[in-house]
Amino acid sequence: MAMMKSVPDIHGRFGRFGGQYVPETLMPALDELTRAYREAKVDRAFHHEWMGLLKEYVGRPTALRQAFRMSEQLGFPVYLKREDLNHTGAHKINNTMGQVLLAKRMGKHRIIAETGAGQHGVATATAAALFGLHAEIYMGEEDVKRQALNVYRMKLLGAEVHAVHSGTRTLKDATNEAIRDWVTNVRDTFYVIGSVVGPHPYPMMVRDFQSIIGREARRQFRHLTGGLPSHIVAPVGGGSNSMGIFYAFRNDPVSLVGIEAAGDGVETGRHAATITMAEPGILHGSLSYLLQDEDGQIQPAHSISAGLDYPGVGPEHAYLHDVGRARYESITDRQALAAFHRLAEWEGIIPALESAHAVAWVIQERDALSRQGAKVLINLSGRGDKDVDAVATYEEGIARDDG
Amino acid sequence: MAMMKSVPDIHGRFGRFGGQYVPETLMPALDELTRAYREAKVDRAFHHEWMGLLKEYVGRPTALRQAFRMSEQLGFPVYLKREDLNHTGAHKINNTMGQVLLAKRMGKHRIIAETGAGQHGVATATAAALFGLHAEIYMGEEDVKRQALNVYRMKLLGAEVHAVHSGTRTLKDATNEAIRDWVTNVRDTFYVIGSVVGPHPYPMMVRDFQSIIGREARRQFRHLTGGLPSHIVAPVGGGSNSMGIFYAFRNDPVSLVGIEAAGDGVETGRHAATITMAEPGILHGSLSYLLQDEDGQIQPAHSISAGLDYPGVGPEHAYLHDVGRARYESITDRQALAAFHRLAEWEGIIPALESAHAVAWVIQERDALSRQGAKVLINLSGRGDKDVDAVATYEEGIARDDG
Amino acid sequence: MTANTAIRNAFERARHEHRAALIPYITAGYPSLDHLEPLVQALEAGGADLIEIGVPFSDPLADGPILQQAATEALAAGVKVQQILDRVAALRVSVPLVFLTYVNPIYRRGIERFIEDSHRSGIQGLIVPDWPWVEMREAAKVSKRHRVAMIPFVAPTSTDAHLHNIRSAEGFVYTVSVTGVTGARTHLDQGVGGLVARIREQVKIPIAVGFGISTPEQARETGKVADGVIVGSALVKVIRDHPDNPIEAAQAFVGSFRNALETK
Amino acid sequence: MTANTAIRNAFERARHEHRAALIPYITAGYPSLDHLEPLVQALEAGGADLIEIGVPFSDPLADGPILQQAATEALAAGVKVQQILDRVAALRVSVPLVFLTYVNPIYRRGIERFIEDSHRSGIQGLIVPDWPWVEMREAAKVSKRHRVAMIPFVAPTSTDAHLHNIRSAEGFVYTVSVTGVTGARTHLDQGVGGLVARIREQVKIPIAVGFGISTPEQARETGKVADGVIVGSALVKVIRDHPDNPIEAAQAFVGSFRNALETK
Ligand SMILES: Cc1ncc(COP(=O)(O)O)c(C=O)c1O
Ligand SMILES: Cc1ncc(COP(=O)(O)O)c(C=O)c1O
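Protein chains in written order, with the working numbering: chain A, -19 to 383; chain B, -19 to 383; chain C, 132 to 395; chain D, 132 to 395.
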């Protein structure tokens, strides 16, 4: 297996993807951020403080263990990397601890963030509280409704939550609004982006912060089994948890499988399967794949899972797809929902709906994976407490429609 | 400091407290359980499997770290033991993993449990799912309402939830109903009790399973500070998280402080401050302190926190109170609520309302603790996600009353 | 007359009549405290050999829904232990009376005081479902002194060691016919005959069977193997279902059980 | 005539009249595509020296609420890029036209094709708020070839290095008067004079100032330091607020700005 080339280049390019497509007002801020991050990255004190927080506050390393009943049901060993065990319930906090620490280092007192499922908003509000910084979170009105628990959590943590009423009222529009805030308050404000998206250096920086997942998982998996998994499966929204687990394995003989949300089904047009469509475009600061029409107008994404309900994806995923290092598949709402139940019943773990997409793909591919003698590692990116209400409501809806 | 005597004795007595006050139908089951537990306790394979599950599934050891902003606000160092980081969100799972493992070892296929806040129910349902056992959970109708999220979680995990309509419709009555079930189905059913209450061997067994908290905390605290805390503060419902953290420190020169729920205020009679009242009595299988009237009728407990809303307490706490090894204080609903907000804003941690009682006491005693140069370790027994709805509702109520 | 004697005589009288003794249960204070005296008299008139009077407890964990409900209503109406003692002391009745209650009301009053007060009110025995034999060490001496029998339980799950332990007991053995709580059942555990036989090998006092006996037919069948038959929930249900004439209904109901026991 | 020339001539004409050039902005397709031609003519009649035509984009992240709303409505009505190109090609107007849009509609059509098509429709320049100068390497060559000016932005935060980089730019410099998005503001950043002076030291093409200019008074003040004044949200708001006579209202509004610029 050839070594993967080191990306991004100094222009923030992953092959042809990435870049910095933001208003000129922000360009100096991106340069400042790039410099500050490069310095922090090689600063032992920074690394030490961040790792200390991950261990003593976030609760890392997160567990990795075989899911025995699931393995038995499917006929091949399945392992779970338990990002749901992190403080606040998802992998998002790995990144926000890093970025907010950087914000502090840069002397920024005001933190803003966009959020979809609310996990990134909660994780940002949490990090901001811990350092006594003021946080304002943008969240689409739709998501404010379907992730009410997380909205209240953000407020409890002292953050202001702005419901965004424009556009599709989901993550895409929350991101637009956060960028508008940043353009306006760029001098004293640090924008904490929640996934491997946005202009350079964000996709690289978020990947680096999240790659703790894969570094731990690689060590734990080898310790547990003496070898490597044959497949690593992770859900892909913006792509941060998947990139976080993939990265450490990029030069290993391991299949990397990213699972997108097929919503009602890719054929219905109501989905969020950005890489499956593979149409390049530019949104929120970088060139990647996008859901868009022939004029380049962004198309609304659809997924039961607020965290996957985004018409873009990180540029490094576009690159991995382009060069063939990772494959991308998609899973419908119904499949994800079924997997949500299966994992709860089999393993006593209620997964985030996002994570349930990865579980669903492994269930769907059981025959093929079994034939290959697969050893599958799933990145369980978050816990499902935030989704319990929405699932109950959705299933009442299905019951009515079917009944 | 004199070494504490080893309790309980072979009759299950902690001094005069404890014992086995259950229908004769259950006595053989208690003997069987006592034997099975004694065997398991000295069986390396059992210990190994349980510890493996705690590490690889539950996510232990849980973090311990100084709460820097809280320390700064209060003027003395405060440390948090993070039981909220456990899988399912509270310390309860340490115990259910142990008991369900024991149930499996004893060949019991049916699991029952009572639950108040729902945390023990979720933790039991989780452990049962993991081992493919059938679980039925009894929960007071009142608690079913105020902890709706946890009810749905139990169902997702495949457990049956029985709402209990008798008596005060809270934990006490759920426990009665669970005991009635056990009496009826004693031959194939394992009753997983959720705190250090009930007939011998439960108070001992649950203490042993929970004492992992204190063993970890003692090691972590010494590693972090080179010494021991001056005070350990923990909320007391049935008393399992507090006993779990106290136990490893029982022979150390450390003040052990248990915090009960004062509800509307101990003077109003609407509270759950069992040890503060210190009236001995027998309920749910053991002799301990009880909220009761002059005829020994059990009085309803009152607390905003479902997990503390219980008119009894574990017999070992009664003993520690009796011999003066631990002290017990109480905190009102309003104080707990204020502390719930403070911890979220200061540390980015939304505590369970139960745990917020311990935080509130430390805030209340800031002057005295500061004068003593205290180093306080709080057992953060659980996370507050389950309480977010109830707090919002309650605060709307307060706002109406005050407005 | 010692407690032992009063209870023993009741069983012996029945045995002379070649039938099992009939032991009905009522909850004191249900439907009201004023019903206690007429109900006791009606039970006696209906043919009871021994009467169990329930002292209501807030958390009756060995009881099914019917008895829970009766206790809950009695307590809600404000019934107190002292009132029950006073009323019982004033009863004119010739069959022996025993209390059925839970351990906490006894412990709370003081074990010795409760037993003493019960004795003064004319109570011959105590039945306490959540007070197992091995926990009664302290009570045993006091009860002997006051000639109040502490009635031992035996369940289908009981061990031989337990049967051995209760050889010193007085009064009678309360045999629980099924694993479970009180309450009417449509059929009983097949094994009750075997269980009674097991007890007889070890224990010399009379053996009564209770929990779930709800029809005269069941009582008759049980009476073939046991020395006494206890009827609780079914009787309380009859009282509940006849709010206008509970006394007459109770008497007729108990009478039908007495008839069944006399029919061979 | 190269793009450069048309735009340069427009600014020169204004300079000869000792005033800043007036550059109004409208969104194509708002209130409808049929309004494009009469609106452009009204702007010209009202005194515009150069007209910015917005090609609506679904996610206009540099725009405030008024322009977002206009774009959203235009797209909801089904406006397409090709329709806009066709309508623009058919316009009869003598002042130069530039497009304002976002990078994705350009990228999606193909950078070269978009520039070529724009050129064919008579467009002299492109203003793309989310396409910074350093990312325009590919576009620069194509736009030179097709004589379409790529208009560089300067913000209050811009570095000297950026000012240095855009020395090769054609058309004019779009100077953002404030950090923020488009939208009417009651007062402007005090520093715009200083910023313009900083730009002049490095860049030789005309300097227009935009973002937040909403009253003739503000335009007059800005016109004292800049070569051109851009009026966007305020104009679109006037169009929105006059659903019955948007054309007349727009012309009057632009006329009042032109008057203000002529007054010293
Ligand atoms: C639990 C969880 N998993 C996955 C995602 C998707 O984001 P990403 O692809 O960046 O990991 C989210 C986003 O909110 C999430 O909350
Ligand atoms: C988080 C939490 N803390 C504390 C308690 C109180 O129980 P215990 O005193 O047994 O720890 C509960 C009970 O549900 C709980 O959920």
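Treat the hints loosely; a few may be bogus.
[Stated by the list, open to error] Okay, the calculated beta carbon distance ranges per label pair:
{"id": "1", "chain 1": "B", "residue 1": "199", "chain 2": "C", "residue 2": "331", "range": "36 to 44 Å"}
{"id": "2", "chain 1": "B", "residue 1": "377", "chain 2": "A", "residue 2": "121", "range": "22 to 30 Å"}
{"id": "3", "chain 1": "B", "residue 1": "231", "chain 2": "A", "residue 2": "121", "range": "51 to 59 Å"}
{"id": "4", "chain 1": "A", "residue 1": "249", "chain 2": "B", "residue 2": "27", "range": "50 to 58 Å"}
{"id": "5", "chain 1": "C", "residue 1": "244", "chain 2": "B", "residue 2": "-11", "range": "25 to 33 Å"}
{"id": "6", "chain 1": "B", "residue 1": "27", "chain 2": "C", "residue 2": "291", "range": "53 to 61 Å"}
{"id": "7", "chain 1": "B", "residue 1": "25", "chain 2": "A", "residue 2": "377", "range": "26 to 34 Å"}
{"id": "8", "chain 1": "B", "residue 1": "167", "chain 2": "C", "residue 2": "168", "range": "37 to 45 Å"}
{"id": "9", "chain 1": "D", "residue 1": "243", "chain 2": "A", "residue 2": "205", "range": "46 to 54 Å"}
{"id": "10", "chain 1": "B", "residue 1": "373", "chain 2": "A", "residue 2": "259", "range": "41 to 49 Å"}
{"id": "11", "chain 1": "D", "residue 1": "271", "chain 2": "A", "residue 2": "121", "range": "39 to 47 Å"}
{"id": "12", "chain 1": "A", "residue 1": "15", "chain 2": "D", "residue 2": "295", "range": "12 to 20 Å"}
{"id": "13", "chain 1": "A", "residue 1": "377", "chain 2": "B", "residue 2": "259", "range": "45 to 53 Å"}
The set of hints was computed from the structure by calculation and includes no laboratory data. The beta carbon of each residue, even a glycine, is placed where N, CA and C say it ideally should be.
To see whether the hints hold, each was checked on the structure:
The hinted range of 36 to 44 Å is not satisfied by residue 199/B and residue 331/C, whose Cβ atoms lie roughly 59 Å apart. Under the hint 22 to 30 Å, the C-beta atoms of residue 377/B and residue 121/A, about 27 Å apart, fit the expected range. For residue 231/B and residue 121/A, the Cβ-Cβ distance of about 58 Å falls inside the hinted range of 51 to 59 Å, so the restraint holds. For residue 249/A and residue 27/B, the Cβ-Cβ distance of about 56 Å falls inside the hinted range of 50 to 58 Å, so the restraint holds.
At about 27 Å, the CB distance of residue 244/C to residue -11/B agrees with the hint of 25 to 33 Å. Remark: the range hint 53 to 61 Å for residue 27/B to residue 291/C is contradicted by a beta-carbon distance near 33 Å. At roughly 48 Å, the beta-carbon separation of residue 25/B and residue 377/A lies outside the given 26 to 34 Å, and the hint is violated. One distance hint, 37 to 45 Å for the beta-carbon pair residue 167/B and residue 168/C, holds here, with the actual separation near 42 Å.
For the hinted restraint 46 to 54 Å between residue 243/D and residue 205/A, the CB-CB distance of approximately 52 Å keeps it satisfied. At roughly 46 Å, the beta carbons of residue 373/B and residue 259/A sit within the given window of 41 to 49 Å. Checking the proposed 39 to 47 Å range against residue 271/D and residue 121/A shows it holds: the Cβ atoms sit about 40 Å from each other. Distance hint check for residue 15/A and residue 295/D: the Cβ-Cβ separation is about 19 Å, which falls inside the suggested range of 12 to 20 Å.
Restraint check, residue 377/A to residue 259/B: a C-beta distance of roughly 52 Å satisfies the suggested window 45 to 53 Å.
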